[in-house]
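Colleague: Residue numbers (our numbering), protein chains in the order written: chain D, 1 to 310; chain U, 311 to 559.
To be clear, the hints were calculated from the coordinates, so they are not data collected in a lab. Don't take every hint at face value.
[As the list claims (entries may be wrong)] 25 Å max Cα-Cα, derived SDA-like pairs, lysine to any residue: (1) Lys462/U with Ala66/D; (2) Lys270/D with Gly179/D; (3) Lys312/U with Gly173/D; (4) Lys219/D with Asn554/U; (5) Lys455/U with Pro172/D; (6) Lys541/U with Ala66/D; (7) Lys553/U with Glu306/D; (8) Lys194/D with Val415/U; (9) Lys535/U with Gln264/D.
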Amino acid sequence: MAVLVIADVHGNSIDDSTHKTVTAAQAIGGDVDILIAGDGADDAAAAAAKISGVRKVLHADDPSYAHRLAEPLADLIVKVAADYDAILKTAATTGKNVMPRVAALLDVMQISEIVSVEGPDTFVRPIYAGNAMQTIKSNDAKKVITVRATSFAAAEEGGNATIEKIDAAGDPGISSFVGEELTKSDRPELTGAKIVISGGRALASYENFEKYIFPIADKLGAAVGASRAAVDAGYVPNDYQVGQTGKVVAPELYIAVGISGAIQHLAGMKDSKVIVAINKDEEAPIFQVADYGLVADLFKALPELEEALG
Amino acid sequence: MKVLVPVKRVIDYNVKVRVKSDESGVDLANVKMSMNPFDEIAVEEAIRMKEAGTVTEIVAVSIGPEKAQDQIRQALAMGADRGLLIKTDENVEPLSVAKLLKAVVDEEKPELVILGKQAIDDDSNQTGQMLAALLGWPQGTFASKVEKDGDKLNVTREIDGGLQTIAINMPAIVTTDLRLNEPRYASLPNIMKAKKKPLDVKEIGDYDVDVTPRLETVKVTEPPKRKAGAKVESVAELVDKLKNEAGVI
């Protein structure tokens, strides 16, 4: 039995979530290989080879993989799929985009966003925005799976896998990259951060995120998130959104500021280890999941917190 | 150009779902059902393209129970031109839905299919990408902006870290993200008019598609509950607890 993990490649590096998806692959059992598809991604392939327990890294280098377009990438995965019993990728935007295309080309029903592996063909995944957990058994001979990385521990470093160059699969030529607008930030990436501080509608403006949330984030080395209400109101960009339809995070510490705690938000952060809620409404549902709740006006509490952190 | 918009009947997003005590699934009896919110955004986008003159006809299609006609009627009341229901009382998996939709595309020959990025019941996020694969079409998923540019579509996509814009050839698949548009409410006169719009009803057996499920539900359970912790009185107490009790800062 062999399992293939498709790494999330960004430029010439791999995303940390790859290590976590490797752990999920190891739980399924058998040899674990990694596929690196990129454009000038030798360092990414070398980094993948260092993940402990990996047998082999397949490395396809071609300009058509530079921007993670679904059409060429799916064709490449399908081309190497024959040798594998299961194919896994992190359920981030690229995995969500590409893997169902792979599954349909292989005539397989994908298993989306697993949070645990119960056996080689049995998995647990959240449904209804995490309000129910479904245990499913796949009857497909080959499994195509996306993995909620925050539910798995990262595989250790220390491996020494061989790197095998493979040919690109060709570009079907039906899609092309036009441009990208990425949020520039020196803070850690939201889904991988150890501490996350999120603001809600009560922040009332981007300027208030800048004035009250960002300084605390920088003191704690935290990533900044937001509720859907704050994103919809235009205070912060959409990739800040934590929740059912945004990002799912599970940091050591999650600080929710001025967030009431709608089901859709809770679905994105309730697996955090420690949750702090700061809200002036003591009836806010967020307090029902918070380990530490502070009923206070955020515009008074946050400057105090910033000062207390030194 | 003709656009196909699939719509799914799901539990209303405001309803708190309850897991059945026999762990066979969630309780759907006497629960308010609605159109999947992402599908409403898809219908709205098609209507806006029609209003802008790039689209001539919008066909709304649903695969589901007899009652899914309500959701098709809603799409018609919003502004779709005609409807098609492929009737089944079984749970149809995304792969089978994609195969049925491919059969509809082969008949209807639209140049664009706009789907919600995911349904809020099974949260699979698969059908659009699978349909694109089966048709050999490109896919513009998680769209926050769609613009027709000659014989191509420019699709701005919500990705981790920001936005990505791609150009895709037509015919194409687009799946909608939350910020693509704000769907309109159907007015009462339009709801009345929608009752007269054509709605075809077919059986799943009318299509030569194998819809045998590939996945078996072993059980459906409640998620682990989190207990509420303690209230703290001050910022000083909060910082002290985080440092000395939880040890997280």
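Colleague: Let me make sure I understand: some of the numbered hints might not hold for this structure. Which ones are they, in numerical order?
Modeller: 2, 6 and 8
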